[in-house]
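S.K.: Next come the chains, spelled out residue by residue.
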Amino acid sequence: MSIRVAKHVERLPRSGIRDFFEIVQGMSDVVSLGIGEPDFATPWNIREAAIYSLERGKTGYTSNLGLPRLRRAIANYVERNFHVSYNPLNEILVTVGVSEAIDLALRAVLEPGDEVIYHEPCYVSYNPSVQLAHGVPVPIQTRAEDGFTLRAEEIEKALSPRTRVLMMNFPTNPTGATMPPDELKKIASLCRKHDLVVLTDEIYSELTYDSQPHYSIAAYEGMRERTIFLHGLSKAYAMTGWRIGFACAPAEIIEAMMKIHQYSILCASIMSQEAAIEALERGESAMIAMRREYELRRNYICRELNAMGFPTCMPKGAFYVFSDIRLSGLDSKTFSLRLLKEKKVAVVPGTAFGQAGEGFVRCSFATSLNLIKLALERISEFRSSLAKAA
Amino acid sequence: MDALLRILQTNPLLPRAEIAKLLGLEEKEVEAKIAELEAEGVILGYTAIINREKWDPDTVTALIEVKVTPEREGGFDRIAARIARFDEVLSCYLMSGRYDLLVIVQGRTLREVAAFVAEKLSTMEGVQATATHFRLKTYKENGTFHHLVTIPERLPVSP
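In order, the protein sequences belong to chains A and B. Residues in the first sequence are numbered consecutively from 1, following the working numbering. Residues in the second sequence are numbered consecutively from 1001, following the working numbering.
Rather than coming from a laboratory, the hints here were simulated on the basis of the structure. Check each hint, because a few of them may be wrong.
The list that follows gives simulated cross-link-like pairs (lysine to any residue, SDA-like), each with its CA atoms no further than 20 Å apart [what the hints assert, rightly or not]: (1) Lys1028/B - Lys186/A; (2) Lys373/A - Thr1010/B; (3) Lys1140/B - Thr1059/B; (4) Lys186/A - Gly241/A.
Pulled from the structure, derived: some chain A residues nowhere near chain B, Cβ distances all over 12 Å [to be verified]: (5) Val31; (6) Lys58; (7) Asp114; (8) Lys157; (9) Thr240; (10) Arg292; (11) Asp331; (12) Arg362; (13) Ser385.
Sample of chain A residues facing chain B (criterion: CB under 10 Å; computed from the structure) [claimed, not checked]: (14) Ser15; (15) Ile17; (16) Val24; (17) Arg297; (18) Pro311; (19) Cys313; (20) Leu369; (21) Lys373.
This structure is a prediction, so every number in the text was calculated from the model and none was measured. Here a beta-carbon is modelled for each residue, glycine too, at the ideal position from N, C-alpha and C.
Using the sequences and the hints given, assemble the complete structure.
M.R.: Here's what the structure looks like:
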């Protein structure tokens, strides 16, 4: 007898990133621009705070919602940086990364068959998370010409009587797009008009460049009551392995999400929560130093890719460039596979982030400048070899 | 200018063309800015950070706390400048607290540094007392670690 897998799970496609990862893993001397996490170790003061908490024997469970002190730190941080206030007693939930928070939020609000509108190219988990919550994913294609921003009129076109949730991620992985505040205002008014729940994943918000402010849709008029604000420490604070995310939302929603979290996860690990307190309260200067470094690398990689003839718009946030490789005459996957096999550079095919990513590849600049330079040299050679063959 | 100075502080040898790419400028603009910073005396010089255990391990470095009687006019400046002019002195700072000047001195041998303190520094008019501390090992210097290197391991491709 073999165990039968549930149909809705069997139907899920494997992540395009996972396939690629397995090929890369079998190779040596690969320079990878395919990594979606900081190349910095977590700042020392944060690591040291976690060590201290272990020394004091803080090794138990925490409240399902997360340590009260951490929730207070989150409330202060969100109010200071996003201008929305949440009650740490019942409007904040600490999760195992934003990924868990997305899953909880979708499961908490969706009835089977409810539609979720989101923008592609986007993070790999959005579509499967919606399906696992028995919802129907409704992607909107964003375009390079618009800087991959989301337009209110496109959302309007995708609306149906079953639309329940709008899911957004700005700055965006993989495009680095941010939202202009006037368009965000239009989207907010649309959500109020059609009574949509907004799930906003703002994990890259601190990594907004050119000294530009980040705007959260939660802060717009009438939006707090319908928004589930998701954030975490993985990207800006270089804490991917600690797995700390959080959700801020009205108490009824947090209560519902907490129920699922309590039965499936119980709580995020206490040492990670202790580290998160330090990050939120005293991590800013280290974060700013990392952001500066990313910004320099962004300028570098963007100019070089454009000079090679791969049109690449300057990302306004996150740490990826989404480069247009259509002039190579290859599709994203073939381009990425050949670049990997012929020149040992790993990039991620744009199609891993949805069909709208066809014709593009994602290059991460969360990699040291020396490796970026080496990768760019090899990409340039690859470009010349393609031109010769043509 | 801030971004340029930060780059020059951590890697002054980076080719100007590459600095230009990092800053989104043209190479000529970078050269002009550096020339301006040098002319204005914002940039005083460039230096290499040397691991003394690998090169010239016998060199002796001492931190010397110096108590000074300040002068009616000029305070500590005249005597500090006088101390700083000796070739042996690498750095000289006016400090708050129990002593006044912190002088960092380098010499080939312990005896040489001791002689400098005994003969030159402590006999100077206005110097009341000195306390000398010899460096035993360097862990971090100018923001650079001498031993501790951590290279975080990452998955080769991740979402």
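S.K.: Confirm or reject each hint.
M.R.: Against the structure, the hints come out as follows:
At roughly 44 Å between alpha-carbon atoms, Lys1028/B and Lys186/A are farther apart than 20 Å, so this suggested pair is violated. With a CA separation close to 18 Å, the supplied pair Lys373/A and Thr1010/B stays within the 20 Å bound. Between Lys1140/B and Thr1059/B, the direct Cα distance comes to roughly 17 Å. Compliance with the 20 Å bound is thereby established for this hinted pair. Between the alpha carbons of Lys186/A and Gly241/A the distance comes to roughly 37 Å, so the proposed pair goes past 20 Å and is violated.
Taking the minimum C-beta to C-beta distance to chain B, about 10 Å, the non-interface status of Val31/A is violated against the 12 Å cut. Every CB of chain B is more than 12 Å from the CB of Lys58/A (nearest about 24 Å), matching its label as outside the interface. The claim that Asp114/A lies off the interface holds: its Cβ sits roughly 25 Å from the closest Cβ of chain B, which is beyond the 12 Å cut-off. With a minimum CB-CB distance of about 28 Å to chain B, Lys157/A clears the 12 Å threshold, and the non-interface call stands.
Remark: the non-interface label on Thr240/A conflicts with the geometry, its nearest Cβ contact in chain B lying 8 Å away (cut-off 12 Å). Against the 12 Å criterion, Arg292/A falls within the reach of chain B, whose nearest CB is about 7 Å from its own CB. The claim that Asp331/A is not at the interface with chain B holds, since no C-beta of that chain comes within 12 Å of its own (minimum 18 Å). Under the 12 Å C-beta cut-off, the non-interface status given to Arg362/A relative to chain B is violated; the minimum distance is some 10 Å.
Its beta-carbon lying about 23 Å from the closest one in chain B, Ser385/A satisfies the requirement of being farther than 12 Å from that chain. Proximity of Ser15/A to chain B holds as hinted, the smallest CB-CB distance being about 7 Å (cut-off 10 Å). The interface hint given for Ile17/A holds, since its Cβ lies 5 Å from the closest Cβ of chain B, which is under the 10 Å cut-off. The restraint placing Val24/A at the interface with chain B holds, with a minimum CB-CB distance near 4 Å, inside the 10 Å limit.
Taken as an interface hint, Arg297/A checks out: its beta carbon lies about 7 Å from the nearest beta carbon of chain B, inside 10 Å. Because the closest C-beta pair between Pro311/A and chain B is about 17 Å apart, greater than 10 Å, the hint is violated. Hint on Cys313/A is violated. Least Cβ distance to chain B is approximately 14 Å, over the 10 Å limit. For the restraint placing Leu369/A at the interface with chain B, the shortest Cβ-Cβ distance is roughly 8 Å, inside the 10 Å limit, so the hint holds.
A least Cβ separation of about 8 Å between Lys373/A and chain B falls short of the 10 Å threshold, and the interface hint therefore holds.
In summary, the numbered hints that this structure violates are 1, 4, 5, 9, 10, 12, 18, 19.
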